[in-house]
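Now for the letters of each chain:
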Amino acid sequence: MQTHALDIQALKRDQGPSTGQLGPAHTSLRMENLNLFYNDVQALFDINLEIPRQRVTAFIGPSGCGKSSLLRCINRMNDLVDGCRINGRLLLETEDVYDRRVDVAALRRRIGMVFQKPNPFPKSIYENVAYGLRIQGINKKRILDEVVEKSLRAAALWEEVKDRLHESALGMSGGQQQRLVIARTIAVEPEVLLLDEPASALDPISTLKIEELIYELKSRYTIVIVTHNMQQAARVSDMTAFMYMGKLIEYDDTDTLFTNPEQKQTEDYITGRYG
Amino acid sequence: MKMINEQELHSDRAPGVKSWLRSGEPLIWLNGAAVSVSVIAVMGLLLLLAVRGLSHFWPADVLAVTVSYQDQSRELLGEVVEEVEVVGTQLEGAGIELQGPGPFYQRTLLKQGNRDFLGTDFTWLINEQFGERRFPSDALVIERLEWGDFYGYLRGVSRFNTPEVTVAEEGPELTWQALQELIAETDAVREQIRQIERVEIGAINYELERLRLRERELEMDGALDAAAQADLASLRAEQEARFRVLQEELYVLYDSIKDHSYSAELADGRVVTLPIAKVVRAYQPNAMSIPAKVGLYFERLWEFLSAEPREANTEGGIFPAMFGTVLMVILMSIIVTPFGVVAAVYLREYASQGFITRTIRIAVNNLAGVPSIVYGVFGLGFFIYFVGGELDQLFFPAALPRPTFGTPGLMWASLTLALLTLPVVIVATEEGLSRIPKSLREGSLALGATRAETLWRVVLPMASPAMMTGLILAVARAAGEVAPLMLVGVVKLAPTLPLDGNYPYLHLDQKFMHLGFHIYDVGFQSPNVEAARPLVYATALLLVLIIALLNLAAVSLRNRLRERYKSLEH
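Chains as they are written, first to last, in my numbering: chain A, 1 to 275; chain B, 1001 to 1570.
Bound-form chain A, shown alone (with noise of 0.2 angstroms):
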């Protein structure tokens, strides 16, 4: 079984916390031999990864590769899925996130997810952001204030959108919707965020955006991104992995996967021989 192991030279590269160390340190997400089942189809065999905090890691690879499934275990989403289940661990720190001990709700809260569909509330722009706390039951004016603007600030909303944050969110454009999910996500503060193909809804200058909002955003959080976009992948990552048929086929920094890739299966893919 191969192994995939951060890679020290990638995290220096990048302006990283420079202690130079591999290991537990620089590592939010780790998984280990998890595997995935829907019913008795098996849709990801043996994942082992690890994530690297505070970067940017991309998903790539062709449909039904299991790349959207093995982001949804991260959060847990899959559990909505009647027959799935899954085996291996998952660490996020050093907690199991399949741990039967663990509150779902508090974990989803730690990890943020945004979809490929923008999906706003039927609600006002603010209360789209101020839902994840009025949950948590917080309902204090001035907070919320505080938090929404902060989120829309940090989601390169807030200049467009401040003067009507009561009028229903749905009469915005799709990659506004898009950027206002994700200040509704980072409202909560979560550690990390997990974008399932955001921009493949939106039109280029919106996908523009999103990306240059995500870069905004490594600095703060854990990103792991879905992506079809081979070009967005190359753009906005530190760490790809390429994934086909349910298995992780290579994982490395990005510029080497996508400029000297070690497997076959990976260079044929992105140089688009299929997929």
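To be clear, the hints were calculated from the coordinates, so they are not data collected in a lab. This one's a predicted model, so the numbers in the text were calculated from it and none came from an experiment. Hints may be right or wrong, so weigh each one.
[What the hints assert, rightly or not] List of simulated lysine-lysine pairs, DSSO-like, C-alpha gap at most 30 angstroms:
no. : chain 1 : residue 1 : chain 2 : residue 2
1   : A       : 162       : A       : 123
2   : B       : 1438      : A       : 218
3   : B       : 1278      : B       : 1258
4   : B       : 1258      : A       : 150
5   : A       : 218       : A       : 247
6   : B       : 1278      : B       : 1293
7   : A       : 218       : A       : 117
8   : A       : 162       : A       : 141
9   : A       : 117       : A       : 150
10  : B       : 1438      : A       : 117
11  : A       : 247       : B       : 1293
12  : A       : 162       : A       : 247
13  : A       : 162       : A       : 209
14  : B       : 1438      : A       : 123
15  : A       : 264       : A       : 247
16  : B       : 1438      : A       : 209
17  : A       : 123       : A       : 141
18  : A       : 140       : A       : 123
Start from chain A and add chain B according to the hints.
Relative to chain A, chain B alone:
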């Protein structure tokens, strides 16, 4: 390149039936025709109800006519209700000799009123026996509390049994004025009497009944000692003293109006004297201008809407029935909505979608098709006899053997109809829940909300328009339902409204009146069919309007919710 064949592009096939069928046009015509037929049917129904029902309140001219038949003639005075054409042989078969050539003859239904003097207040006449038709301007119509309408000519007015004015001496105008003044005076006194009898004495009776129940309770607990008895006796004496005071007041009021009277001449020349205390209103339609008639029309229409029924429901208003219908529907909505929503949420959100859930869902859908009378029987057997009987044993033993909740009443009627409409609400709510995009639930869960929080904050608000749809269908069905209500709480005449000023204000145990049942009662159980017929139409129209109004209210509420929670555009 191949040359395009001219023939292929411009097919010169004759435009026959086949190509017409293929064009799809017949289907459009068929659809259009079906829609037109439906619209015409609904409009026709409403028009019939409106014309027949609303024309009743118009103060029609009063016809005076001499009817001669076989050397005998009689004078008649009254309103023409309708004129129809009949075959002569039919009349001859009834033993009537006809003069005209036939074969068709005109026949008139005349409302002659004066049931106390003439026996019947409607009579069929054959037009060929009519003399000259006259519309005398002094013809008088008096609506009375008893014996139906009076038709005649005013002759004089007496105050306290002494003639005040007469037509012969002071002239018709002064007499008319005096009559109107006296009616207004009497009316004011009657309103006072009503107030005392209904509200104040009603409250005393209610209080006395409560004292009786308290005494019975104490007796059953074995706690009815001398002190308690004395206590109760003094309270009772207090109420009785209040009652005596009111009774005195009532006597005085009754005495102050009982000796006013008017005298009038009937069409046949008899002069009769009648009490003013029984007069609702008097008017002379033949002398009235159109605006005055319009004013009177709306006055009578308002009376129909706001007053209580009299004369075995054939006269007066239908307010209690209207009130009962609306109150019952509101109570039903309050009961059925939470139940239906909770059941739908369980079936859709929590139950695992297996065989049992599917079976339950099919059963619920089928419940919507159970005939309503079956629900009535169930309501009577289960709610009233079983639950109500148990409630009486537990909470109202003092009133036994007279049942409190063990008898048909408002609560059981609302509950029975709630049960009847439950499937509709469940099905509509489930439908709404299933249409909420999965991405929204996931969005909420990904922010750390639990399933319950997601349900409460995102899913249910978004499903609220669907719940309203269910409620609209439920209201439409419940408001028009009559059969089960006859078993579980509706009566033809309820002396008091189920909502009044006596604690606990809303009397769920009381029987109530309902428009649907009122239509049946007035139309088919009435002693005076001709008098009641227009009221059947008017009541039916009102029932339709009320249901439409309740629906409109719910629909506008739903549209507002839809606007607010309209789901994402993808």
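A quick look at each hint next to the structure:
Distance hint between residue 162 (chain A) and residue 123 (chain A) is fulfilled; the C-alpha atoms sit about 16 angstroms from each other, no more than 30 angstroms. Our distance criterion of 30 angstroms between C-alpha atoms is met by residue 1438 (chain B) and residue 218 (chain A), whose separation comes to about 28 angstroms. Between residue 1278 (chain B) and residue 1258 (chain B) the alpha-carbon distance is near 9 angstroms, which keeps this suggested pair within the 30 angstroms criterion. Of the supplied pair hints, the one linking residue 1258 (chain B) and residue 150 (chain A) is violated, its CA atoms being roughly 83 angstroms apart against a limit of 30 angstroms.
As the CA atoms of residue 218 (chain A) and residue 247 (chain A) are separated by approximately 26 angstroms, the hinted pair is consistent with the 30 angstroms bound. At most 30 angstroms may separate the alpha-carbon atoms for a hinted pair to count; residue 1278 (chain B) and residue 1293 (chain B) meet this at roughly 23 angstroms. A threshold of 30 angstroms between alpha carbons decides the hint, and for residue 218 (chain A) with residue 117 (chain A) the separation of about 22 angstroms falls inside it, so the pair holds. Proposed proximity of residue 162 (chain A) and residue 141 (chain A) is supported: the alpha carbons are some 16 angstroms apart, at most 30 angstroms.
Between the alpha carbons of residue 117 (chain A) and residue 150 (chain A) the distance comes to roughly 24 angstroms, so the proposed pair stays at or under 30 angstroms and holds. Using a Cα cut-off of 30 angstroms, the hinted pair residue 1438 (chain B) and residue 117 (chain A) holds, with the two alpha carbons roughly 11 angstroms apart. Between residue 247 (chain A) and residue 1293 (chain B) the alpha-carbon distance is near 91 angstroms, which puts this suggested pair outside the 30 angstroms criterion. At most 30 angstroms may separate the alpha-carbon atoms for a hinted pair to count; residue 162 (chain A) and residue 247 (chain A) exceed this at roughly 45 angstroms.
The suggested pairing of residue 162 (chain A) with residue 209 (chain A) holds, with an alpha-carbon distance near 18 angstroms, which does not exceed 30 angstroms. In summary, the hint linking residue 1438 (chain B) to residue 123 (chain A) is supported, as the alpha carbons are separated by about 17 angstroms, within the 30 angstroms threshold. For the suggested pair residue 264 (chain A) and residue 247 (chain A), the alpha carbons sit about 14 angstroms apart, so the restraint of at most 30 angstroms is met. With a C-alpha separation of about 26 angstroms, the suggested pair residue 1438 (chain B) and residue 209 (chain A) falls inside the 30 angstroms cut-off, and the hint holds.
For a cut-off of 30 angstroms, the pair hint linking residue 123 (chain A) to residue 141 (chain A) stands: about 17 angstroms separates their Cα positions. In summary, the hint linking residue 140 (chain A) to residue 123 (chain A) is supported, as the alpha carbons are separated by about 18 angstroms, within the 30 angstroms threshold.
The structure is inconsistent with the numbered hints 4, 11, 12, although it conforms to all the rest.
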